[in-house]
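*Asks:* The residues making up each chain are set out below.
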Amino acid sequence: MGAVIEAVVTAGHTSSDRPPSSTALAVEAARRTLASAARRPDAIDLLVNASVYRAANIMEPANAAFVQRDVEADGEFAPVKGRRTLSFDISNGACGMVNGLQVVDGFITSGAARHGLVVTGDVDPLPGRSEGYPYAPLGAAILLGPGGDAGFEAFALRSYPQYADLHTSTIRWSGTEHVVGVHEDSAFHARCEECADAALTAFLDERRLTPDDVDLVVASPPGVLKRRSSSPPAHPTLRADQVLDADSLEPARVHTAGIALALESALRSPRYPSAGRVLLVAVGSGITVAIASYRKPRS
Amino acid sequence: MQTERGHTMGTTTAAGAPGSVSRIEAVGLALPSGRVTTRELLDSRRHRFPLDLEKHTGIVERRVCAEGEDSLTLAVGAARNALAHSRQGASSLDMVLVCSITRWSGGLSWQLEPSLSLVLADAIGARRALNFDVSNACAGMLTGVHVMNDFIARGVVDRGLVVSGEYISSLGVNAARSMKTIASKQLASLTVGDAGAAVILERGEEGSAGIASSQLSTIAEHSDLCIGRPCEDGPGATMVTNASSLHRAAIAHSSHTIHEALERSGYPPETIDHVIPHQTSISAIKAGIRHGERKVGHYSADVVLNLAEFGNTASTTHFATLYRCLMERRFKAGDRVMMICSASGLTVGAMVFTVDEELCERYGRRD
Chain H
409 MGAVIEAVVT AGHTSSDRPP SSTALAVEAA RRTLASAARR PDAIDLLVNA
459 SVYRAANIME PANAAFVQRD VEADGEFAPV KGRRTLSFDI SNGACGMVNG
509 LQVVDGFITS GAARHGLVVT GDVDPLPGRS EGYPYAPLGA AILLGPGGDA
559 GFEAFALRSY PQYADLHTST IRWSGTEHVV GVHEDSAFHA RCEECADAAL
609 TAFLDERRLT PDDVDLVVAS PPGVLKRRSS SPPAHPTLRA DQVLDADSLE
659 PARVHTAGIA LALESALRSP RYPSAGRVLL VAVGSGITVA IASYRKPRS
Chain S
3 MQTERGHTMG TTTAAGAPGS VSRIEAVGLA LPSGRVTTRE LLDSRRHRFP
53 LDLEKHTGIV ERRVCAEGED SLTLAVGAAR NALAHSRQGA SSLDMVLVCS
103 ITRWSGGLSW QLEPSLSLVL ADAIGARRAL NFDVSNACAG MLTGVHVMND
153 FIARGVVDRG LVVSGEYISS LGVNAARSMK TIASKQLASL TVGDAGAAVI
203 LERGEEGSAG IASSQLSTIA EHSDLCIGRP CEDGPGATMV TNASSLHRAA
253 IAHSSHTIHE ALERSGYPPE TIDHVIPHQT SISAIKAGIR HGERKVGHYS
303 ADVVLNLAEF GNTASTTHFA TLYRCLMERR FKAGDRVMMI CSASGLTVGA
353 MVFTVDEELC ERYGRRD
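Going line by line, the protein sequences match chains H and S.
Take 409 as the starting number for the first sequence in the numbering used here and just add one per residue.
Take 3 as the starting number for the second sequence in the numbering used here and just add one per residue.
Same shape as in the complex, but just chain H (with noise of 0.2 angstroms):
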């Protein structure tokens, strides 16, 4: 079995003396994470931060090497075999924090790190320059650690890549500064929900796994999972209660930290005590659907 998550936390922006920063809010995040439980910022070996919006679109260093500066997660730099933090970034759209989840759990799994902090925060990177920008600045956190029986069993990626141009982002010169535009087809979320569907299908099929099997799902966006496409689904799925009910998550539209904000309302839910088994499913452009199967820890 793999790694367990030891903590999550998401963090809003509070301020309303200066704009909010994608560092400042993974940053307030992994501290937070940290102190839930009670873990130094120089027990961190790994850290991958998988924001995509961030402040001023810096694009060199990884942002992970400012969250990893800032949590003081440095600790020694001593020549120490195997106990130095190293910090990268991913990007995968709102699927970045699974897949980040997937590098962390491995590198514990092999022994190469003993914790590690999948961090996320997105801002609008350029306000007032920003054409179609719709998610609330949200940072997160999710520490990791050692397993033994429990923790993460497998992992999966599926796209779509018919409908990589239902939901594109880029920057580009407009002739006098640079702009960030999100463009989002109207038939987005309907796809969204097909391609979770079927991907979710997919998965349990192929772990041979019934529904039954599974005893909450944590899904981001909100309702992807709850509602259906016109068709029925080919085969059994999850049953309403089987899903955590994430409509009722404010803010409703965040970006990367969505699974994390799921995921950190799922700990606070009567259900996820006596939970065995719980799918981790995020979906975003691509479309991607990355879905995580975590054996929650009996305590």
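Keep in mind the hints are simulated off the structure, nothing from the lab.
Hints should not be assumed to be uniformly reliable.
Stated by the list, open to error - Chain H is nowhere near these chain S residues, computed Cβ spacing over 12 angstroms in every case:
1) Gly36
2) Pro52
3) Leu53
4) Leu55
5) Glu63
6) Ala86
7) Gly91
8) Ser94
9) Ser302
10) Ala310
11) Arg331
12) Gly336
Claimed, not checked - Facing chain S, a subset of chain H residues (Cβ under 7 angstroms, in silico):
13) Asn465
14) Glu468
15) Pro469
16) Phe474
17) Asp482
18) Ser495
19) Phe496
20) Ile498
21) Ser499
22) Val511
23) Ser567
24) Pro569
25) Ser577
Since we're looking at a predicted model, the values are computed, not measured.
Note that the Cβ used here is the ideal one computed from N, Cα and C, for glycine as well.
Position chain S relative to chain H; hints supplied.
*Replies:* Okay, now just chain S, sitting in the frame of chain H:
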């Protein structure tokens, strides 16, 4: 669903035995069609001041993107070139990681979503590959290899592609327009060139040589010494570098990582046959090697320089250089190679691997 790509991975041993060794199966390169000499770039400056960049860096010219070329086209070109040297097709790839700093697609339009890896995997026909983008400045490809090596070692992945396309020549264009003195923090931007590079990793036979060690560390207190972002007064990007501080920090911290990479590989320093450093400038590379050898021991039998025609091609430098070495038949089977990187972040690292007979055969055996 009409078209679907992807599959499920366990956390361990889905494909092979844990503890597997990764080997380099193929390497690819893509170069843009344009060339700009260092003299031409210096002549394009708005403010002229004495600067012998060619002598200091060893860079005579660099390749630059022309109309219709960008980060994505270079990455796709390099991936296809690697596949052309591979004995496997794209459908065999379990994983595709695009590790570019730059994400220019369709000219100087920066693609935030969807990921470049999604577009690239679709373009080359990697229909079952797990894909995402990795970004870690000039250490991007080595970070991608580091990640994929872990997936292969756990037996989760059999074969994968790490690729990057760097369209960074706009840094030089924008620096030439705004630099006023030799103390400008955009000086390093004049050294860059465009290129795409790709490497296919696969699980090696039991007991075979391959990647012996991969070490990367981020010294985040130096994270603000080199910052790249979209240009404020023109298309493309700008990069502000405190070059001397970055160079000092990189030299100070690299030797620990090199020492650890060598120790983990089990190879004594003097048995390394070739060193491929990050291609920045001749003076910086020589200073780095001198300092490293004082700390670690002699390891520089053959320091490979690829600056004269390429310049600094950011995350692609190591594998672009490896490709040239293979094409020039510089290696023989069994040669030990160490790649050394220092990148904004500050990320320092080293990867040690053995060039096997099959790889040499694919690019032509040295007599």
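*Asks:* None of the hints should be skipped; say for each whether it holds.
*Replies:* Hint-by-hint comparison with the structure:
no.	hint	in the structure
1	Gly36	19 angstroms, holds
2	Pro52	29 angstroms, holds
3	Leu53	23 angstroms, holds
4	Leu55	21 angstroms, holds
5	Glu63	24 angstroms, holds
6	Ala86	23 angstroms, holds
7	Gly91	18 angstroms, holds
8	Ser94	17 angstroms, holds
9	Ser302	21 angstroms, holds
10	Ala310	25 angstroms, holds
11	Arg331	34 angstroms, holds
12	Gly336	27 angstroms, holds
13	Asn465	5 angstroms, holds
14	Glu468	3 angstroms, holds
15	Pro469	4 angstroms, holds
16	Phe474	5 angstroms, holds
17	Asp482	6 angstroms, holds
18	Ser495	4 angstroms, holds
19	Phe496	4 angstroms, holds
20	Ile498	5 angstroms, holds
21	Ser499	4 angstroms, holds
22	Val511	6 angstroms, holds
23	Ser567	5 angstroms, holds
24	Pro569	4 angstroms, holds
25	Ser577	4 angstroms, holds
The structure agrees with every numbered hint stated previously.
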